[in-house]
Amino acid sequence: MGVSRSASVVVAYLMRRNHLSYEEAYNIVSRKRSIFPNNGFINQLKLFHTMKWTVNRDSPLFQQYMTKRTFSVFTDYNGDLLESQTVCQLHNTPSSFRCKKCRQVLFNSNQLRIHQKPETTPNPLINSTKSKNTDNVSSVLIKGVSLNNSPLQCDKNELFCDPLEWTLHSTSDVQGKLYCPGCNAKVGSFNWCGEPCVCGTWVVPAFHFNRNHIDRVPIRSRNVITIPSKPVEDNNSFVTNADMNQS
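The sequence shown runs contiguously to residue 247 in UniProt numbering.
Treat the hints as calculated values from the structure; they're not laboratory data.
Values in this document were obtained by computation on a predicted structure and should not be read as measured data.
Any given hint might turn out to be false.
[Unchecked claim] Using C-beta positions, here's what the derived DEER-type ranges look like: (1) I28 / K156: 39 to 47 angstroms; (2) K32 / T54: 25 to 33 angstroms; (3) S172 / P94: 26 to 34 angstroms; (4) H169 / P218: 28 to 36 angstroms.
We put the beta carbon where it would ideally sit given N, CA and C, even for glycine.
Generate coordinates for the entire structure from the input sequences, incorporating the hints supplied.
This is the structure:
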């Protein structure tokens, strides 16, 4: 048996079968033989634990993890992440957000990212997990992310989006301004290292649009204009349910 990939599959199997944390399963296996999962597998296994020992690619936590992996080339930031969702529940009516100056559609309401407020009381589980975070391994249990089913969402109505197709040609720097593709008016800013929302949660990467420069226009479902987001791809396989069923 190898010391990284195959060892990670065994650790994942023990985690799911016995509902263990990564550290607990790792200790069981390492007592039998030396194993050295790489940082990528360790992060995946911690995420597996956070998602209640299931692999759900539609999970906001999974999507946020993949976003951070994709854009890690721009930043060595290993701080707090946030929960991301494809559909923004803060806007019940489907809407397009347009440049106030030229009416260019910039993004739709279903491309907004929502996040949770920072915790107001210390969470021992999160603190203990972060204290064990060594050797450049990013923590998955993080400030602003709750493990319950009723997260306290940010209610500040800030406009954060995932990277959009039209922003790609002008966001090669770590940070900068966002300009309307129609008239070149300033509409927001970006920072691959992230920035804090007014609620206190750190958003990374941060594509932040200024409400003063944008109009929200309700749209009918038959007339929805799709503004493509940058695709998120992963070249490394994630430990799947099928993998563990074969173990």
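Evaluation of the provided hints:
no.: 1; hint: I28 / K156: 39 to 47 angstroms; result: holds (44 angstroms)
no.: 2; hint: K32 / T54: 25 to 33 angstroms; result: holds (26 angstroms)
no.: 3; hint: S172 / P94: 26 to 34 angstroms; result: holds (32 angstroms)
no.: 4; hint: H169 / P218: 28 to 36 angstroms; result: holds (30 angstroms)
Violation of the numbered hints given earlier is absent; every hint is satisfied by the structure.
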